[in-house]
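What follows is each chain in one-letter form.
2 protein chains.
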Amino acid sequence: MELLVTYDVATTTPEGAQRLRQVAKLCEGYGMRVQKSVFEVVCSDADWVRLNNAFQRIIDDEDDSIRVYRMDRGSFKSVTILGRARRLPHDDALVL
Amino acid sequence: MELLVTYDVATTTPEGAQRLRQVAKLCEGYGMRVQKSVFEVVCSDADWVRLNNAFQRIIDDEDDSIRVYRMDRGSFKSVTILGRARRLPHDDALVL
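Residue numbers (my numbering), protein chains in the order written: chain A, 569 to 664; chain B, 569 to 664.
Please keep in mind that the hints were generated in silico from the structure rather than gathered at the bench. From a predicted model like this one, the values you see are computed outputs, not experimental measurements.
Derived lysine-lysine pairs resembling PhoX-like cross-links, with alpha carbons at most 25 angstroms apart:
| no. | chain 1 | residue 1 | chain 2 | residue 2 |
| --- | --- | --- | --- | --- |
| 1 | B | K604 | A | K593 |
| 2 | A | K604 | B | K593 |
| 3 | B | K645 | A | K645 |
Pair ranges (Cβ atoms, derived):
| no. | chain 1 | residue 1 | chain 2 | residue 2 | range |
| --- | --- | --- | --- | --- | --- |
| 4 | B | V610 | A | E630 | 25 to 33 angstroms |
| 5 | A | R601 | B | K645 | 21 to 29 angstroms |
| 6 | A | D628 | B | T579 | 21 to 29 angstroms |
| 7 | A | Q624 | B | D615 | 34 to 42 angstroms |
| 8 | B | A653 | A | R589 | 19 to 27 angstroms |
| 9 | B | I649 | A | T581 | 17 to 25 angstroms |
| 10 | B | Q624 | A | D613 | 32 to 40 angstroms |
| 11 | B | T579 | A | Q624 | 26 to 34 angstroms |
If you want the ones that stay clear, here's a sample from chain A, every Cβ over 10 angstroms from chain B, calculated:
| no. | residue |
| --- | --- |
| 12 | T580 |
| 13 | Q586 |
| 14 | L588 |
| 15 | Q590 |
| 16 | A592 |
| 17 | K593 |
| 18 | E596 |
| 19 | G597 |
| 20 | Y598 |
| 21 | C611 |
| 22 | S612 |
| 23 | A614 |
| 24 | D615 |
| 25 | R618 |
In this text, a Cβ means the ideal position worked out from N, Cα and C, and glycines have one as well.
Only chain A is shown next, with the shape it has when bound in the complex (with noise of 0.2 angstroms):
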């Protein structure tokens, strides 16, 4: 399945932002940062019921926030990116 993970996390304290750092390092095990709060999931379902889980351990339901759109196989692929990109192929050959 394709994901695409957005968030919002308080970072006026020093709590908030070892949360912060806490969600983008989980994410950055399922997937590929392309903004500073946007990650592109490609993961089974059994991984987005872990990531999921991991998400509600860190986070503060008050203050933070997590939104996860499922997307159509391909449309990470469509994004229109208007300038700088930070992007690589999620499921292309790595040339080393």
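Chain B: place on chain A using the hints.
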């Protein structure tokens, strides 16, 4: 059409902060802000052309980044929200 607009605008300079305000104000004219830098837009093809042109006039191609994902109709209703929500339906009647 339904579009998810996410943006990173560099705010380390006064010009950057101004661009951020301009992008936010522009998006507010076409959609609903659901996170600091995320808008859900429901618009016509012609609106999308106008929005795209306006983005290109505002942003700095080196420093800023805007991503526009085309969504399936109904995607906004099926988003998974964790933590704080900031959401109103797009196409339901507004009760005053």
